[in-house]
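Next come the chains, spelled out residue by residue.
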Amino acid sequence: MREAVRTRAQLNFFFPFYFLFCFIILYSASPALAEELPRPSYHNALIVSFEHNVTDSAEVELIKKSFPFGLYAWLSFSLTTLTPSLDWHWNLSDASNGLQSFKTQVTDLVTKAKEQQVRFHLVLTSGLARGLSVYREAKEEDIRNCQWYNDNKLAADDQINHPEAMNRYIFGTLSRYARKVRANLEAKAKASLAFLKQLMDLYPDTLIALSGWGEAELNYNRINHLKSVQDFFCDYSPFAILEFRDWVCHTGMYDDTNGKYKGEGYPGGGTKYQGTAGLAQFNLDFGTNFTTWDLKYFNWSLTDDYDSNPEDNVNPDPNKIPWSSYVHGGMMPTSGKNYLEGGFDPPRVMKPGDKFWDLWNLFRETMVANFVRDVAKWAFEAGIPSSQWFSHQIPGDYLFGTNPSMPNKNARYYTGASPLWTANIIPYGSPGGTIYDIKFPDWFARTTEYGVPAIAKMSSNWAIMEYDAETYPIGFNVSQSSADFILEQYLRIYQHNVHLINFWRWWDTSGEHRIKGMNKEVALREFIRRVRDKARRTDLNLVFDPPAVAGVWGKYVPEKRVMRLELGGRIWPDLEWMWKDWGDWAHFEVFRGEEAGFPLDVAHRVGTTKDYVFEDSSVVEGKVYYYRVRAVNVKGVAGPASSEIRLPGYTLTLAATTGGTTDPAPGAYTFEPGASVSIQAIPDPYYEFIGWSGDATGKTNPLTVVMDRDKNILANFLRITVYPPLNVQGIKLVNRSLAQAEYIIKLTWEANPNNKFVSKYRIYRLEGSNRLFEAEVSATTFEYLHRRAAKDKTYTFAVVTVNGSNEESEPAIVVVY
Amino acid sequence: MAGEVLMLVAVKKIKEIMSERIFSVNFILGLVLVFAFVLAGGAEASISIIPRVSYFSPREQAFQDIYGGGPDYSLEISIPLWRQLDFWAAIGYFFRRGNLTITQEETTLKLVRYVYGLRYEIIAKKRWALNLGASLNYVLFTELNPLGDIRTGNMGYALRLEGLLFPAKHLPLSLLIEFASCKFEPAEFKFDSGGINLGLGFGYKF
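Those protein sequence lines, which keep their order, are chains L and X. Residues in the first sequence are numbered from 226 upward in steps of one, following my numbering. Residues in the second sequence are numbered from 97 upward in steps of one, following my numbering.
These are computed hints drawn from the structure, not numbers from a lab. This one's a predicted model, so the numbers in the text were calculated from it and none came from an experiment. Be aware that one or more of the hints could be misleading.
Think about it this way: if two alpha-carbon atoms lie no more than 27 Å apart in a straight line, the pair counts; the simulated DSS-like pairs of lysine-lysine are [said to hold, decoys possible]:
| # | chain 1 | residue 1 | chain 2 | residue 2 |
| --- | --- | --- | --- | --- |
| 1 | L | Lys1016 | X | Lys279 |
| 2 | X | Lys206 | L | Lys545 |
| 3 | X | Lys206 | X | Lys286 |
| 4 | L | Lys957 | X | Lys286 |
| 5 | L | Lys339 | L | Lys415 |
| 6 | L | Lys835 | L | Lys289 |
| 7 | L | Lys487 | L | Lys602 |
| 8 | X | Lys286 | L | Lys1016 |
| 9 | L | Lys521 | L | Lys580 |
| 10 | L | Lys985 | L | Lys422 |
| 11 | X | Lys286 | L | Lys1018 |
| 12 | L | Lys971 | X | Lys286 |
| 13 | L | Lys485 | L | Lys415 |
| 14 | X | Lys222 | X | Lys301 |
| 15 | L | Lys634 | L | Lys452 |
| 16 | X | Lys301 | X | Lys265 |
| 17 | L | Lys805 | L | Lys289 |
| 18 | L | Lys487 | L | Lys497 |
Which bits of chain X does chain L cover? Going by a derived footprint, with three or more residues having C-beta under 8 Å, they are [said to hold, decoys possible]:
| # | stretch |
| --- | --- |
| 19 | 193 to 200 |
| 20 | 243 to 250 |
| 21 | 273 to 286 |
Using N, Cα and C, we set each Cβ at its ideal position, and we do this for glycine too.
Chain L on its own, in the form it takes in the complex (with noise of 0.2 Å):
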């Protein structure tokens, strides 16, 4: 008894232990769990984006043809890079009207993209930081706009006296306490984005994504590798100067109640620095030795009147410094009313492991970084998916090999105050990066060493910019190497999970990234074979089960006398990839039984086809049979078979008139006896359904039509639900001051009193045989105003109303002379 006691009580020890020992083994022994072929969409989808002109049609149609894109690897092309700019003394609240050429310009090329069925992927810049000239006479009325190296200079000795210095060398300060640029820079930013969602939704699968603020950085224009890196320091603007102490003392804008910028502060600060006490504090912190929290040079306050009207041409701030006040050299008074003994100064000399020192450092990065945010968090209000804006910083941490940990990194890490982790901009959206490599005759620095690795772990949804795996420096003799070793990098890129690759580019003049004709197009044509049908996973070994096979159709040709199987071809009946897109598809299976409910078994399996169409020729006239469908993977993995269908069955012919179509489409289909099937009644734009005919009747859609006999049946479809507004003019008017003009072309037009429900109307330009969207207005507005129009140019409109299910009426066309 006590035995059987003790086995029991050792059974109950070991019954764990054996249960999971049986499921390793069972496990391990049992094949790979299958998975079936997922829908494409864009997030499991890898991007491979060409920076090349998409208006350049004979190149794009040559990509096309010459790469295997396929379910998951979509073709895109990217623009690097577009500056919006609103003019200095616009209206702020109206800063979508100052952005016209903006808007123009991206419309041509997202039209153009669409018109040739491949992708886009715009990459915006501020024009503080890239795109110097835009904001160049905010940077003349007051040079605190500007960024400041650690002598107060704006540029280096050689470079001020350029004429073309404020747009060549000196860039904006990114300081949040630059309000007046600040504005400028919030102000078209949302103007730009919302007008950018507005495009997303009228093209989602043209504009697929969008990245910015591209390469947001501090100067490093005075980097000289001749010289100390001391020389190099940005920005020690007044602007940037008063927010590090306020985002140190929480105050000001940082105010931890108040403040816009609330709970953003330095988390080692706070009120403990605040004040007379605070101070002495800080300089016990800090081993500095400030008598003052106002500033050393330049002292202004957040009180000064920054302008908040631009459009009146008067800037009444107290404290700006005007362009033509500058003195390159003698911004550091050693007295008067711009010097302050004892005043708050950052240190000017980097000390890596100072303290003082390091947290300035900090702020300079934390700048930078908040700089690309705050776009990012304009672009998630506008609507933007997280998913598809992108931020773009080159990770000076990380460049040519380099990685945080090494003592000594890129001259551009110091200056450009840009790390890697200035690019995570999560939650608002995504992080990118401008990441490539460059082959050196004598060694390979790689960016994407430690870089790749870095970025990869922030998000599995990543970009990498200006992508190149081996660039060839101009001035030196560099050979490309082999295509297999391009291709290990491709995919060595793609292992890291990156989501969208804007390949740098597909073709320059100086070969010194081009990607035509070289080794990288033939390694680029592998990579996209190897990726293309498995969904971003990373097992290239990977091939997905086949799915259900849908839509099999058939009927008895008597003249061959054969039973003719039409398989469709779609996958997924909803999408338009094929079966022949998937590059991992073998063939169909095609199995045939006398009785209803056969066994899928080599006995009843009549043949293979790669194609969507099967003849069956070794069928006897009159005779009942049953068939089912699947497909097969080229690792011989059969999916699921397709519903049975009895053939002959009856017969049902479907016809529309002119306005629409069906789904199932207009044709004759047999099906077995009793079969339901549905019938969809689907209208073209600008028409609507208005009932059945024939076999059935009524307005019900989609219709349940059951199959007791052969049956023929018409889809009926009226013109219009929507029609286009009436009395629609246009005029050229000169809207004038005493001295000056423009011409606006003023379009007008009354409701039609046909339509039912009227959302918006919406304004077209049609330049030869595109139509350029123009703008939107409200259902109760019945005038636009095309501003700067040419004097001479003959323009044409089409104005269209739009209802709630945001379907269009035909245009009204209106030419204006």
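Please build the complex by placing chain X on the supplied structure of chain L, with the hints as guidance.
Same frame as chain L, but now just chain X:
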């Protein structure tokens, strides 16, 4: 070092000022005034200063439509030259807000006049006088609106008839009607900034 910097700043500022046209106009006007003062001193003549408010009605229809008429402010100094002939100099200021013709966006106009002229006393009684005058006007024209910013200047002229009442010996009351003209074509349109001024001034005669 600091002194050198201040010197550089000062030189730069002077260059800026010298480059502006307004400086040269004021300079010429100033010279004329000094010359007149010298002459006045030699003749032991008295000087009159009259601040004046006028209603300015522009002659151009477009001017009327966009800005309309309005108050014009001026300060005038006159000095006897010879017998019934006086020299006078003045500075005038006119500012209006208006709207662009189609978009109704705001536009602003500022006219600053530098005036120097001669007048002849045709009737002189103990308590009143009447004189006719002609002047050269340098007009600084500034127009700001979303279409752009215009800042320019040009020379024009004016003709005037002025009645003077003397309720007290040193206190002249001036009633003025003046016709002025000054043409511009800084951008798309050619126009005349002049018109008619109906003015009332009350001054002091030394």
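Hints breached by this structure: none
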